[in-house]
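Participant: Listed below, chain by chain, are the residues.
2 protein chains.
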Amino acid sequence: MTSSESSPARQRPLDETPALAAQAAALLRNSRALMTLSEDEARQVLPFMRLTTFPKGAALLREGDGSTSSYMLLVLEGDVAVDTGGSPFSTVPISVLGAGDVIGEMALFDGAPRSANCTALSVVQAAGLSRKGLELLVETHPKVAAKLILSLAQRMAERLRALGQQLQMLMELAPPPTE
Amino acid sequence: MTSSESSPARQRPLDETPALAAQAAALLRNSRALMTLSEDEARQVLPFMRLTTFPKGAALLREGDGSTSSYMLLVLEGDVAVDTGGSPFSTVPISVLGAGDVIGEMALFDGAPRSANCTALSVVQAAGLSRKGLELLVETHPKVAAKLILSLAQRMAERLRALGQQLQMLMELAPPPTE
Numbered sequence: 037m038t039s040s041e042s043s044p045a046r047q048r049p050l051d052e053t054p055a056l057a058a059q060a061a062a063l064l065r066n067s068r069a070l071m072t073l074s075e076d077e078a079r080q081v082l083p084f085m086r087l088t089t090f091p092k093g094a095a096l097l098r099e100g101d102g103s104t105s106s107y108m109l110l111v112l113e114g115d116v117a118v119d120t121g122g123s124p125f126s127t128v129p130i131s132v133l134g135a136g137d138v139i140g141e142m143a144l145f146d147g148a149p150r151s152a153n154c155t156a157l158s159v160v161q162a163a164g165l166s167r168k169g170l171e172l173l174v175e176t177h178p179k180v181a182a183k184l185i186l187s188l189a190q191r192m193a194e195r196l197r198a199l200g201q202q203l204q205m206l207m208e209l210a211p212p213p214t215e
Numbered sequence: 037m038t039s040s041e042s043s044p045a046r047q048r049p050l051d052e053t054p055a056l057a058a059q060a061a062a063l064l065r066n067s068r069a070l071m072t073l074s075e076d077e078a079r080q081v082l083p084f085m086r087l088t089t090f091p092k093g094a095a096l097l098r099e100g101d102g103s104t105s106s107y108m109l110l111v112l113e114g115d116v117a118v119d120t121g122g123s124p125f126s127t128v129p130i131s132v133l134g135a136g137d138v139i140g141e142m143a144l145f146d147g148a149p150r151s152a153n154c155t156a157l158s159v160v161q162a163a164g165l166s167r168k169g170l171e172l173l174v175e176t177h178p179k180v181a182a183k184l185i186l187s188l189a190q191r192m193a194e195r196l197r198a199l200g201q202q203l204q205m206l207m208e209l210a211p212p213p214t215e
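Listed in order, the protein sequences are those of chains L and G.
Each position in the first sequence, counted from 1, maps to that position plus 36 in the working numbering.
Each position in the second sequence, counted from 1, maps to that position plus 36 in the working numbering.
Heads up, some of the hints might be wrong.
[As the list claims (entries may be wrong)] Derived CB-CB ranges, DEER-like:
#1 G:LEU209 <-> L:ARG46: 17 to 27 Å
#2 G:ALA55 <-> L:ALA148: 49 to 59 Å
#3 G:ARG197 <-> L:LYS92: 52 to 62 Å
#4 L:PRO149 <-> G:GLY102: 30 to 40 Å
#5 G:ALA58 <-> L:PRO149: 14 to 24 Å
#6 L:PRO49 <-> G:GLY136: 36 to 46 Å
#7 L:ALA148 <-> G:GLU208: 14 to 24 Å
#8 G:LEU209 <-> L:GLU99: 33 to 43 Å
#9 G:ASP119 <-> L:SER158: 27 to 37 Å
#10 L:PRO54 <-> G:LEU206: 18 to 28 Å
To be clear, the hints were calculated from the coordinates, so they are not data collected in a lab.
If you're wondering where the values come from, they're calculated on a predicted model, not measured in any experiment.
Cβ coordinates follow ideal geometry from the N, Cα and C atoms, glycine included.
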């Protein structure tokens with residue numbers, strides 16, 4: 037994980053803070069997943085994660101940030117506001133996320149720039165997994181990696197459905213451009 | 037993979053048709069993926085896939101179909117129209133897909149009902165991977181499974197970005213409901 041030099045975020049190995057490591061392991065098990073990680077398997081992910089602490093008001097992710105920041109964050113503590121920037125006059129608030137939510141997984145998978153801004157509404161503790169960390173996990177613990185990626189893919193599938201429904205509703209509401 | 041008894045589709049093991057098996061292996065390697073399958077790895081996926089042949093006009097997937105049909109299809113030959121049904125008067129055409137495109141992967145990951153109709157515009161040959169097949173692949177070839185799921189997750193991340201941009205455009209165009 038690379039963070040810009042001006043970032044106020046503090047990073048350290050997740051293992052050094054046992055309570056947050058246990059919290060991360062519990063959240064990684066994600067009981068809604070179709071193929072869940074066992075407790076042992078969840079613990080095998082932890083050495084590949086970095087604990088990052090963001091002060092209130094700090095940017096966790098910035099829309100447009102490039103592929104040097106291809107990591108996801110599993111929120112362990114605190115609240116995060118997500119919005120797409122665009123012009124300062126058209127900021128569309130999306131949602132508020134908290135413990136157990138994952139942000140930034142799209143860039144983890146496709147390496148493309150960030151699609152939204154994520155801002156800490158309180159002190160936020162998050163476990164980061166970089167593209168490099170995920171690749172190492174695939175090489176060294178492939179079954180754990182497969183289950184973890186499956187559970188992230190499941191979240192994305194659910195978001196795709198929700199966005200698709202929203203889009204269809206809006207298209208039915210909006211007058212066609214030729215009228 | 038379960039297909040309804042009335043389906044005109046014909047299914048058989050992919051391995052029995054070497055030319056289409058080779059085509060499937062080539063398409064699975066997906067050179068755009070951040071972590072590509074080697075030729076050997078792609079071939080390890082094939083025994084878990086079923087070759088399905090759809091006559092022109094047949095439904096590959098039907099919107100609302102339930103979790104007994106949690107499989108994805110990798111299109112090997114032919115063209116497929118994708119649309120969301122809704123009422124007969126509000127059918128929104130989405131796109132036409134062809135060789136190398138994957139359909140139905142959302143249900144593979146989240147087991148939820150199909151979100152769109154997919155119809156064969158010509159004879160379509162497709163390699164199907166069921167939820168059960170994917171779970172067996174994770175158990176027996178976890179590294180291959182991890183890379184395959186990564187590449188499917190990458191496609192979903194790209195679609196999420198595209199849908200998110202469309203949605204933002206429409207929200208900026210549409211008048212707010214309170215005005």
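Participant: Give me the numbers of the hints this structure contradicts, sorted from smallest to largest.
Facilitator: 1, 2, 3, 5, 8, 9 and 10
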